[in-house]
Structure formats: C-alpha cells, structure tokens
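From first to last, the protein sequence lines stand for chains A and B.
So that you can map any letter, position 171 of the first sequence is 171 in the numbering used here, and since no number is skipped, the others follow by simple counting.
So that you can map any letter, position 100 of the second sequence is 100 in the numbering used here, and since no number is skipped, the others follow by simple counting.
Be careful, since some hints might not be right.
Which bits of chain B does chain A cover? Going by a derived footprint, with three or more residues having C-beta under 8 angstroms, they are [said to hold, decoys possible]:
hint	segment
1	59 to 66
2	139 to 145
3	353 to 364
4	402 to 415
FYI, nobody ran anything at the bench for these hints, they're computed from the structure.
All residues carry an ideal CB built from backbone N, CA and C; glycine is no exception.
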Amino acid sequence: MSTDKGNKNYWKSINEYNDDNSLKEAKHHEFMNGVTDEFEPDQLSGISRRKFLAVLGASTAFAATACSDYADKGEIVPYTKRPEEILPGIANYYASTCTGCSNSCSTLVKTREGRPIKVDGNPDSPINKGKLCTKGQSSILSLYDPERLQEPLLKGRKISWAKINGEIVTALKTASDSGKEIAVITDEMTSPSYNKILNELSQKYSTLKIYSYKQFNQKTRFDAWEASFGTRVVPSVKFNESKIILALESDFIGKEGNFVENARLFAQGKDVVANKKMSRLYSVEGGMSLTGMNSDYRLRLRPDNQFDFVLALIDEVSARLNKPTNGIPKVTMNSFVAKNNLNEKTVKYLVDDLVENIDTSIVHAGDTLSVELHKAVNVLNSLLSGNKLYDFNNSFVEIRKLTSLNDLKTLAANSELGALIIVDSDPIYHYPNIFEDAFKNVQTKIAIVNSKNDSSAVCDYILPINNALESWGDHQVRSSVVSLQQPVIAPIFNTRQKEAILLSWINDTAEVFDSSYHAYLQSSVKELFYDLQKPSADFSKYWLSVLHDGIIELESEKLSGRLSQFSLEKPAKTTSEYTVHIQESYFVSDGRFANNGWLQEVPHPVSKVTWDNYAAVSPGTAKSLEVENGDVIKLTSGGRVLEIPVMLQPGLADNHFTIETGYGRKVVGDVGLEVGFNANILFDSTFIFGIDQVSKTGKNYKLASTQEHHALDDDFVKDFHKSRHIIQEGTLEEYLTNPEFLKEHKHDVFSITDDIEYKGNKWAMAIDLNKCIGCAACTTSCNVENNVPVVGKDQVENGREMHWMRIDRYYSGTPEEPIPSNQPMLCQHCDNAPCENVCPVNATNHSPDGLNQMAYNRCVGTRYCANNCSFKVRRFNFFDFRDHFENEYYNNDLTQLVNNPEVTVRSRGVMEKCTFCIQRIMDARSEAIKEGRELHTDEVKTACQVACPSEAIVFGDSNDPNSKVAKMRDHNLGYHVLEELNVRPNVTYIAKLRNTHSEEN
Amino acid sequence: MSSVDYSQEPSVLEGKPPLRKIEDDIIKPLNTKPDKKYYIALAFTLTLAFIGAIGLGYSFYYGTGMWGNNNPVGWGLPIVNFVFWVGIGHAGTLISAILFLFRQKWRTGIARFAEGMTIFAVLTAGIFPVIHTGRPWIAHYLLPLPNQHSLWVNFTSPLLWDVFAVSTYLTVSAIFWYVGLIPDFGALREKATTKVKKIIYSVFSLGWRNSNRHWQHYEMVYLILAGFATPLVLSVHTIVSFDFAVSILPGWHTTIFPPYFVAGAVFSGFAMVQNVLIFIRKIFNYEYIIPIDTLERMNKIILLTSMMVGYAYSMEFFIAWYSGVQPEQFAFINRAFGPYAWAYWIMVSCNVIFPQLFWIKKIRRSVPYMFAIAVFVNVGMWFERFVITVTSLSRDYLPSSWAYYTPTLTDMAILLGSFGLFFTFLLLFTKGLPVVSIAEVKAVADGAQPSHKDH
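Excised from the complex, chain A in its bound form (with noise of 0.2 angstroms):
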C-alpha cells in the first residue's frame, strides 16, 4: 500500500498534462457529451428499479428452468394480433388447384397456423373427387424446397423487381421495334385467363409469338379425335360403365390423362363386394404399365406393332359384326398372330368379348402412340360401342393448341430471335437436340420459372415465380368444370405470380404486385363464367362462394361424335432390330419434381427401384445381349447415344427397351442433382423409335430398389406369395359359382390363452386387392401425414426406406408373361402382436381400441420388435435422417415447416411404423367428447384411405357390426396375411379374383 499513490499525478493524453482547459470541462461531467442524451429516466416506461429487478429475476429463473434438449430447436412465438379465421391448433382447409401437371385437379389444402401441411383432392370436384396423386400429396414439398428461386436475378446477382422489370420491357420494345420475333416459350395452357394474358401480351409486341408445349401430352388423341369427327372436344371414357376395355400401350390408371378419374371409374367396375361383377381389361403393350400390371389378360406387343394389331383387329371384328369398313388397309388376324408369336388364345378371347359385349366394350390407345393408330381405334371403337361409352359432359378441352414439335424446330433454327421468354417449363431438357445450341445468340433472353432449370440456365434475367401454393389462378382442362386456385400462404420469398409479370409487361409499369393479377383474375372469371353463368348472386357473392367451393361447374355443349369418312395410312415401320419407347417417369413426371426428395423415394409402381431410371428389357432380351441388372448399356439411335444401366422387367416385348425420362437434369438443386440419366438425348420426333445399335459398356451401375429381384424362374423361391398365402387369388368365375371358395382350406386357429375383449371403438382396415391398382398414393399421402423422413438413394440401398405404408409386388407366371400381384403392406396392428411382448421396454403396446402403439420416447431401439414383426413394417431411424440426407437438406428452418404439427418427429435410434393415423382418430374422439356422443366408424379418415383414387382402403370401427370395414371383414373373400400365425392382425385383404376364363385354370 503506498501511500503516495493518491498524489500521484496520472495523465492521459499531453493535452491533460498540458491542463487544457476544455479538458478540464470535460471532466467535470461523468459521462462525455451525448452519451446520456437518450437517458432520460423520465422517458424510459414506467418500470420501476425494483420491476426491474423482479422482472430481470423472473426472467433468469424461467431462462434457467426451460431447459433445451436436443429437441428444441427455435422459438415458439405466440400471436400478439390473432389473425382472424385462425384458432392455433385447429386446421383450415382451402380449396385450390394442383398444377403439378395439366389435369388440373382440384384441391383441398389443409393449412395449421397458416401454413400449408397437406394438400388432398377436392372432394367437391366431379372429376377427380376428393382425390390427389402422388405427385399433387407431395407437391407441398415444393413449396418448401429451400432452393427454390428466391429474388429476381440478373446475371446471377440479385436485383430489385423494378430495376429488371424496366430493364425487361426496354428490351423487348427494342426487339419489338426492330421487328425481331419475341419467342413465350410456356408450358400447356390451363388457365383461361393466362391464355387471355398473354394475347395480350402479343397484341402489345407485335412480334411476340406464342409456344405452348408439355413433353408428354394428349396431342395424338386430340388430332386423331379431330380427324375423326372434325372437333378438338374430345370426350373422357366411362372406364366404370365398360365391361371389356382394351388398352393399346396405354397407362390410363397410371399415368395418361386424369389417371387418378380413370382409376377410380376403373376400380368401381372392378367392386366385386358391393357388385359381384367384374370388367375385364385386356392390356397389349410393349413395356410393363401399371395399367398392364392390372390387366386380367396381358399380351406382349412392341408398340411399334400395334397399329397392324389394331386393323387386323378391326378386319375381325368387323367381319364378325358383318360391317364393313373402307378405306382401312387390311391386316388379317390369323397371320399377324403368327407373325408376332402372339397368345392366341388370349387374342380369341379378346375378339369374342369385344364383339360380344359390343356395347360395354371400349378400345383406349396410349398417348404416346401415332395419330394413325388413334384414328384406326376410333373406327374400331365406333363398330363397337360407338359413342356409349364416351362421357361427353366431362370432355377434355384445349385452351391452347400445343405447338407442334416442327414449330418448335423452326423457333431453334431462327437466328434472328430478338428476344426469348421461357414461361415455367424446361425446353433445353425436354429437347436438347433441338434447343441445346439453339439460343445463344438472342439478345434478351428471360426465364419466368420456380427454379433453376437447364433452360433457366442460359438466361440472363431470371424472374422468380410463386409455388402453386402462392398463386391465384383458373384453370380448365374440361368442359364442364373450371377449378380456381387460390393462394393459401403469402409468397415465402421474393417472387410473384408468372401472370402478374406479364400483366407488369402489358401495363408498363415497374413494380409487380401479385394483387394485380387477383383483379385480373376476378374480371377475366366474370367476363368468361359469371356472365356466361348469369347466376342470381352479385359477382362479389358469386366469387367468394366459387372460391370457397373451388369449382365452376359449367354447361356442357352437347357433341355428337359422328365418325366423319377418313382413310388410314400405315405410318412407317421401324426397320430396327431394337426399340425404345420413351415414357414419363409415375413421379417425377417430365422432370419437374426432379427436386422433390418425397417423389424421388416413392418406389416405381413396378419395379420398384428408387432415385433412378433405367432402360427396361425383358430377361430374353437381356439374357441375348448378355447383360444383367445394372450393367450399363450404350444405346444408338441416329446418331444420338444414350448410356444407361439396364433393368430386367419381365414381362416385356422383346427387343424392346421402355425408357422414362424426367430423370438426369443438369441444372437442379442438391436433392436432384446426379439422380439418373437423361433419356431425352435420345428423343427425336416420336417416343416410340428405332435403336440402330445396342452395345455393352462394361460399365456398372447401382439400381436402389426396396424389393429385390428374384428370378422369376428360379424354383427356389418361386410363387412364395402363393403358397404362404400371403396374396389369396381366384378367378370371378370361380367364386360366382362357390362364393365360399376361399374359405374352403382355411383351419381353424385357437388361441391357448384367453382373447382380450375389446369394448368401444376397435379399429381396424379393409383394403381391396380388386380396386388396389398399385399407384402408391397412399405411400406418399402417409409420408405427408406423419412426417417421414427422405432417406436417400444410399439408404434405400441398404434397405433402410421409411415408408409406412408399401405396396409390395409378387411376379408369378414365367419371366415372359408374368401375373403380378400388388398388396399395400402397412402395420397390421394385430391383436396378437408379436412385436409388442417382445419389447424389453414397453415402448410398443397396445391401446384399448385396438391400436398397436409406439412410444418413441420410450423406444431404446433394440429392434428387437422389427425381427418379430411377420410383415416387416417397422421402421428403424438409423440415422437421424431429417440430417443424415444430403447435406442435412431438410434440416433448415424453412423445409421443417413441412411437418404436420400433431405428428412427432422422430429422432434417431428410435423404432416407428404406421399409427393407423391416430392423430385423426384423437382429434375425431376429442370433437365426439365435446358433443358428449358415441364416436362413430366414418368420423375418422387415414391419410392413405383419403389419397385412395380407387378407394380401395376403407377404415373404420369393426365392432360396429353395421361399418363398412366389418363386413368386409366378415366377407367371403376376406382374409389376413399369415393367418395361421394367430397373430389376429386388424387389415383385412379382400381377395384378388382375376376375370379371366374358366378353362384357363
């Protein structure tokens, strides 16, 4: 301690040492000047010291006691200022429209808090009726895929919507002016008034030119039709009504026209339960459809075939109806069998049944095939049924023609372009060979799209657009029905409705606002529909109840469909020893949902590979060119190659490669990048084409598949299903004659134990093999429900998919004409479950009602319960998938928002499997005990029976003697899977009868 420390004289700056007098001024005050100028004591609120104090003590305690786990990730903020219409913890729903391909279905968005969690049909809608399909339930991922677009670009910086709107417009005048062609390059047009837009758009730039185009449309039906019978209206089929139906390389229930109406009118002529009669579907095709899969006589053909299989077929039918025909080139059935080693059985049975059954037989040809062949079809269908199966108030209608493909060539060589605009579509991908090189010359060249594409890639200005979710629209793609889209959440992120752009461009003005075009919009529904409509209701009134219902239904114009005289011209033949026909892929469609991990991880229908694409051959083929599954092979076809790993499918043609496309983008975000090969490097002018040369690469590639493939020959494991069985079979014939015949080898099972009862409610599940087609929207409607994680193709590799819910296929038959077999597998909560007494830690048990349970924070994850499981349903996380995927892809704050709030996401090591949608049956039972009532068997709906097109699943309450689900149950054809282990599982199958003859057996 010095004493002298006190006397010391320190200085801080020579000034001070120097007594500045300002300094000394300074010092006077505590603090410097302006420091204290914002506190004034008295300005501050009215917390005083000792508020302070306690609030500043509450608050550490809470910080201290709410403890975060790994769990708790993010804050929960409460509205300060509830929105109307909103109650946390209650759903709403919006009706809107899918625009994920051009069906344009309508919708039912259920949104939680405000935002979207699960998009399902509209049940209101007449075409698709309160049903979505794979692609439409997993959409919503989209919506939060983080690598959407999220500001305008130019040159790949960020800028401001004025700034590039002016840039844009100027541009276009300047082309304009300069009498350049301006080129809108946009996908199909569904939407009346965008269609009104952009004929706007070109009466403000003279030269502005319009093409319209999708990749796989219903251009060949639709200029058959109008040779035929002189319009371009043509109407959709009444699949239920028909009871022969004959499908030409045509995938009606998987993937061609509104397959989810097409599957469910098909399944209703297949309701053996409720009407003890079956159609029969004859499916002649060179690859293996879904439509194929379930047929009830399958015939190889290669489509390339199949126009001298459609004459000859119209030669015999019309001889035997003794009404001829002119003009047709003659085929003669006898030696086209022959010369194509085709069943001939099987061909005298379609021809008698077409001819007999003349008014319920209907005649359906592939999209993809020739504009000849659907013109023979047309003639072949007018001998038969002629227009009775035609639904003419349901026609498909064009709001654009599409742009031929010649077009389309004639735009790529135009040097002289002055401006190009791609509207939401992908031409460079679609059509490399014709698009590739083709604008790098253009000036101006801008991309309206969602996201980075390989056409947005070219382009200099890139304007983002809205998610579907996020836009106003109108769109009709049939005569009688307009379904409105409405925004159910505000644009996450800087980007607008593609028709607002426009409208910007139209009315010069710099800024886009998305409400423009919801004025817009209003008008073009009152010129085009209200005032057509003249309803009693204001325009006002009338709006918000079309949007709230979703649907316009409108008056249909009444068609004829007289066949008008045409001649037929046989197409050229490929003189190829090889063809390919290149198809759509079931989920990712043309390539647009290249990016959706959801759809991606959705096992094909029927092969059951995964994040891939392939070309398909069938095991001869494969076994003459000495390649096996995964080899990759070089195929050659004008000069253009294509290599890509085979897959052996039975059933096949031979000789024949069946390819989908939509796969191998360039320009696509993490989850889409390097998935598959890009098949359309092949494509020239048709989908079905020669290959000139086919050669080995000696290269290998790894399918992911969740099923394996056995060879289909191999006695070893042969037709397992059938005799464990796991799939039980007959024939229509056979159970119409001995409606018991099922039950004749069953044993009785007895229980040494006592059963438990079960009082109340006990749910249970009844699924029709009959109505089950196989298209995996269940899948992916239980994917959305309850949260299941994407795992990668890595994961599905090791067999490590998550889904709740499959559909498993069984082959029997040989490789050449296999009988498939489809069966959803989903937790069969069995009353005797296996999984549950093995459990060390109770973490699976079972609930009054019936439910086999999981407690996943109980679950330590032995895995013990998946081995004892027979039907291996369980799920294991392996890893914490919601990180493991793709660089944690869906670990970010914006693609979490996708999860369904009542759904609990599951961590890694824990055990899970199919609730049976029990956060439905809890909300359902909570509004029963609030009204103080019995719960009843139809309150509770699970997703995969919602998504059902062919409402196949029913669900309900079995100790309800009068339910749905317990008559099935007690049905005739009803049975369990592995029945004789007693394990008493709650899913009733009602089994697979094949309408097929009765000598076959």
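Position chain B relative to chain A; hints supplied.
Frame of chain A; chain B shown alone:
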C-alpha cells in the same frame, strides 16, 4: 503298458513336481518384469481394442446406420458377437463348477484360467447389448428402475431376461473366481517383492492364514458357489437362446435352441480355452501342470459337444420338414442353399466335420493339430450365430421385404475391438494374478494328500 496300475489314480500333473516348484513357477510371472514380447502382444491387442473404440465412436456419433443392419435384418454383427462372447464364457464355469462337483481333478490346472476367461468374455459380451441399441444413452431403460413415468420394464420380453441372466452370471462368476483366489492371494502376499504388492495382496487375501478353519470354510463356500454356478452354466445360454426361440421368426422359433445353445457355448468355450492355454503352458513352462493329457480331455469334450451341435443342426432340418410349415422349411433350406450358403457351410465344416478328426488319438494329442481344429471351431461357432441371426432375418415371411445383409467396416472394427478387449484383459490377467490356482494344483500334486509312505 502292461504295468499300468489301475488301482492307483494317475496324477494329473506330469513328472512329480515338488510343491515348492509349483508355487514358485506359478508366482514367477507376477514377480518378474514383463519382457519385450509381452509388450508387443499388449500393443497389438490394445491396437485392436482401439480400432473397436473408433468403430464405436462412429456408431455413437452418427447412429446405428454405420452398421450393415437394414430393414429385415434388425440384428447383425453386434448380436452375433454378443452371443459368441457369452458362449466363450461358458467353458470357464463348466470347468470350475461342474467339473469341480464331479471331482474331476484334471480341471485344477485350467480352472482359474478358464474362469478368468469367463469373466472377460462376459464383460466383452456385455458391451454389445448396450451399444447395439439405437439410443445407448437411455439403455438404462432396460433396468427395472423406478421412474416418474411409473413405467416398468416388460417382463415378457426375452431381452429383459437376458439382462438379468447375464448380469447374474457375471456377478456369480466374479464372486466364485474371487473366492477361489483367496488362498492364492495369501500365498502371493507372502512372496510379494514390493511393499505396494504386499498391501494389495494383503487386502485381497482377507487375512488368509492357511489355518484349518480357513480351509474348512473356504472349501464349503467354494462348494456352495459351485452349486450356485452350475445352474447358471445352463441358464445363461438357455436365456440367450430365448432371444431367438421366443420369437415367431422361422429359423429362430425352435424348441431345440436351449440345449443346442448350451452345447454350442461349451463347445466354443472349450475351444477358446484350449487355444489360449496352449500358449500359456508354453510361455510359462507349465507343461507339467497342464499336461497333454489335460488337453486331450478337453479335446474329447470338444468332440462330444461338436456332435451335439451337429445333432442339433440335423434335428432342426428334420423338425422343419416334419412341421409341414412352408416358411419353416424354407428357412432351413435357405440356410443351406440360399444366398448365405457360404456361411452355413463354413459353420458345418468347422463345427461338425473338422472336429471329427479328434477321433484319432494322434491328432487329439498333437498340439499343432488340436490348435488348428479349435481355431476352426471358434470360427465355426461365430458363424453359427451369424447364420442363425442373419439368414433367418434376411428371408422371413414376406418375400417382398427380403434383403441381403452385409457387415460394414464399422461392424468389423467393433468385432476386432471385442477381440482386442478380450485379449487385453487376458494379457493383463497373466501379469496380475496367478493364471493357475496354486492351492488347487498343489492339492492334486503327488504327496499333497496324507499318505503313509515317506513319513
């Protein structure tokens, strides 16, 4: 040969060693500095254990997905290893308890070592049930601990029985082992070279003074513990087999499993004991304590259990056929001819075919041959567990979910690590405790018993 005197029990030790030599020889390794070879061996086993630790680190950090397990095959290598190591443990208790009760004097030379192996094997095995769970950090849920959820464990689950069976086995074996060590600690205390050692041995010898009373109490406790341990020899592997037999999986659901597993465990345990003893007797010059006769006797047990296991293999096939249940029949045909046929035939040849060579006396008494055959047996028994666990799971009821299981590098690292851990324990054991029971061997040496000669 004709001069063999059958009225006199031949000694189990060779060459009439004096009692002092026995004691000195057994204590010698404890009082000498380990040589270079020992350190090399220790470095090797520690390296293996470290590889295993890395494998475990990966598994804990990323998840069980680092292993080959997939959807149908929920249990893979960790469970295979668990059953394997529990099985290895069995020989020890059998030798020390059952053979003790049957008054088999030849057991004295090998009992201590075999018991030590039991404990190390069970310790090694005990790692697996914990690490194989998806969430090892809450593995204590498997214990019936009171908790605020009022949740109890599920007593119908064989896995829970496993927890009890293995922990009981470990406890009883450890106590049995320790009790057997007490007289030896007394001897060590007397011979201790340093003060620290002296203190440690004094504490563990519990004041052993070789008094008559001590011996009386000791013998009685040892007998009772042997009686305790005997049923455990049968129960542990029976309960381990219940993990499989209680399920409804074809290939697991078989009533023959309990005896079959116990026989298999004794089989592999003896093979492992025989393998390691061959080194011990050579390195420490214990050939006279563990003579070739003892090894031959072990080989006879290996031969016997090999045939029991072989019988079980064939009986499984017969019962599967006899049941008339298709999935059951397929499970076994698939084992022999399906995608895992290679594993099955490794198992059959190692477990049933090669041990048949022990019918030949020359091979039974030849150290190199018996060593090789016992190695095969260990390989075969590991594969037996692999075949049971994996092939049954990979192809069960629904062909749609069948899948092939391939272990990953992490799996193999953990397998190597388990061997590393086990042998590290063994190496430390040889330098820390007498590997042969001094008291027991001295008791069977010539001249230990009261006699009327040479007084």
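(Q) Tell me the hint numbers this structure goes against, listed in increasing order. (A) 3
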